[in-house]
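Work the whole structure out from these sequences, hints included.
Residue numbers (the numbering used here), protein chains in the order written: chain A, 1482 to 1684; chain S, 980 to 1213.
Careful, some of the hints might be misleading.
Lysine to any residue pairs mimicking SDA-like chemistry, simulated, CA-CA at most 20 angstroms apart [said to hold, decoys possible]: (1) S/Lys1096 x A/Asn1668; (2) S/Lys1165 x A/Ala1496; (3) A/Lys1623 x S/Leu1055; (4) A/Lys1623 x S/Glu1107.
Here are some of the chain A residues that sit facing chain S, going by a computed Cβ distance under 10 angstroms [stated by the list, open to error]: (5) Gly1498; (6) Pro1537; (7) Ala1571; (8) Ile1654; (9) Leu1665.
Quick list of simulated restraints, FRET-style, between CB atoms [to be verified]: (10) A/Gln1508 x S/Tyr1118: 50 to 60 angstroms; (11) A/Asp1581 x S/Met1146: 18 to 28 angstroms; (12) S/Met1113 x A/Gln1587: 41 to 51 angstroms.
Hints are computed from structural coordinates only; laboratory data are not their basis.
Computed from a predicted structure; not experimentally measured.
Glycine residues also receive a C-beta, built at the ideal position from the N, C-alpha and C atoms.
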Amino acid sequence: MRNKVIICESSEIVAIGLAEIINSMAQFDVVSRLDAPEIISERILSTEANILVINPLMLGYQNKDFLSNLGKEYPNLTLVALVTACLDHALLTPYHGTIDITDSKQKIINKLNEISKDDNSRGGDDVELSKRELDVLVAVAKGMMNKEIAEQMNISIHTVISHRKNITRKTGIKSVSGLTVYALLNNLIDESDLIPSNNTANQ
Amino acid sequence: MMAEKKNVFSKETKFAELMTEDRRLLQLLPRFGIGLGFGDRSVEHVCQTNHVGADLFLMVCGIYCDSTFKPDENALQRVDMNELLSYLKASHRYYLEERFPHIEEHLQHIIDACGQKFGPMLSQFYGEYKQEVMRHIQYYEEEVVFPYIEALINGQGADSYKIDEFMHNHTNIQDPLDDMMNILLKYLPGEILPKERIEISLDIIELSDDLFSHALIEERILIPSVETLEKHRP
Chain A
1482 MRNKVIICES
1492 SEIVAIGLAE
1502 IINSMAQFDV
1512 VSRLDAPEII
1522 SERILSTEAN
1532 ILVINPLMLG
1542 YQNKDFLSNL
1552 GKEYPNLTLV
1562 ALVTACLDHA
1572 LLTPYHGTID
1582 ITDSKQKIIN
1592 KLNEISKDDN
1602 SRGGDDVELS
1612 KRELDVLVAV
1622 AKGMMNKEIA
1632 EQMNISIHTV
1642 ISHRKNITRK
1652 TGIKSVSGLT
1662 VYALLNNLID
1672 ESDLIPSNNT
1682 ANQ
Chain S
980 MMAEKKNVFS
990 KETKFAELMT
1000 EDRRLLQLLP
1010 RFGIGLGFGD
1020 RSVEHVCQTN
1030 HVGADLFLMV
1040 CGIYCDSTFK
1050 PDENALQRVD
1060 MNELLSYLKA
1070 SHRYYLEERF
1080 PHIEEHLQHI
1090 IDACGQKFGP
1100 MLSQFYGEYK
1110 QEVMRHIQYY
1120 EEEVVFPYIE
1130 ALINGQGADS
1140 YKIDEFMHNH
1150 TNIQDPLDDM
1160 MNILLKYLPG
1170 EILPKERIEI
1180 SLDIIELSDD
1190 LFSHALIEER
1200 ILIPSVETLE
1210 KHRP
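Structure follows, in structure tokens:
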């Protein structure tokens, strides 16, 4: 599948330069350049773009809401922050990846390739937890650490972390205690599963 | 290169106009001790009447309206630390004495209605979260960080602590709140008190947003101001 990219950036110099780099990549086309965020949504619709590269500074105070609405409207959309100034890290959390103004051409290409690969795991319909994710969820809910889970399931810690990211994306729940409640509510674990970890905590 | 800001407020802006920019700004008034009845006066005039520094007030409003807002360096130099601390403490009291108890009261109804099956775990989830909040706000910020800053203002200051540590320990306390909202809306059985669950979820969203802005204020106003103080320590 070819990747269709929209660039939203107020500086024409930056936008044209970035478009040049992206267009030089085999699987990427810049389908639109915008200098204001207002018509992003209709432009995504009309161009069927799957990647939005946007300067977070363009969104001002609507940052968080705007991006979460966009994510709901287009679940397959990959959001990439174009960072041109020193920004609070928290602002970048809604994005799937970042491009920095100082990145070299090769680095930008590598990053976009990487981000668009992850994109395949972000399909719109895989909202149900997979068998593997359920196993990890149960282990997390029981209070196990990533390292223990990796050893028990015979997978790398990196894979555990990736499962945990997917669990949070699918359930909307980030904290361990929240995941425990989720697991109990869905009868994935029993109240009695929790007792051993409580005992060790008290000792 | 900055994108055009939509919300540039100045001291000359009408106070009432600033308040309509974002309704959440209204909840800041009691924390600054600004009374109602401000009529058509300017921000500067209203702040002066209420003995509030207009620079600080505008910075705080700026962050509430726009999470990308960066306070102006010169304005930061003019911040009265005592005033900033008393604003932060007033916010803490608002969370601990008003918002959390309000949410707790409604949550208790829901916990009771859940019965033996889900009630205890919801209660435990909230209880653990509340402890985390208390550790963060009460036992750390109010009892360690703020006294350290107050000592600095008075020309003292312990060598054992630096504001740098605060920056590293500044954890996010909204996540479990967002989790709670997801549990209430998405995962508890539908028939349990749906109206109350919707109401409390709206309150939780509001508190979570408020805590987010509060953390930004500590990171972008408090920390840089304290760093300046530390540099000028005798």
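To see whether the hints hold, each was checked on the structure:
1. S/Lys1096 x A/Asn1668: Roughly 11 angstroms separates the two Cα atoms, so the pair holds.
2. S/Lys1165 x A/Ala1496: 41 angstroms, violated
3. A/Lys1623 x S/Leu1055: 47 angstroms, violated
4. A/Lys1623 x S/Glu1107: Holds, at about 16 angstroms.
5. Gly1498: 13 angstroms, violated
6. Pro1537: Where the cut-off is 10 angstroms and the nearest Cβ of chain S is about 7 angstroms from proline 1537 of chain A, the hint holds.
7. Ala1571: 7 angstroms, holds
8. Ile1654: The hint holds - isoleucine 1654 of chain A has a Cβ within 10 angstroms of chain S, the shortest such distance being about 5 angstroms.
9. Leu1665: Check passed: Cβ of leucine 1665 of chain A comes within 5 angstroms of chain S, closer than 10 angstroms.
10. A/Gln1508 x S/Tyr1118: 50 to 60 angstroms: 53 angstroms, holds
11. A/Asp1581 x S/Met1146: 18 to 28 angstroms: 22 angstroms, holds
12. S/Met1113 x A/Gln1587: 41 to 51 angstroms: 49 angstroms, holds
The earlier numbered hints that this structure contradicts are 2, 3, 5.
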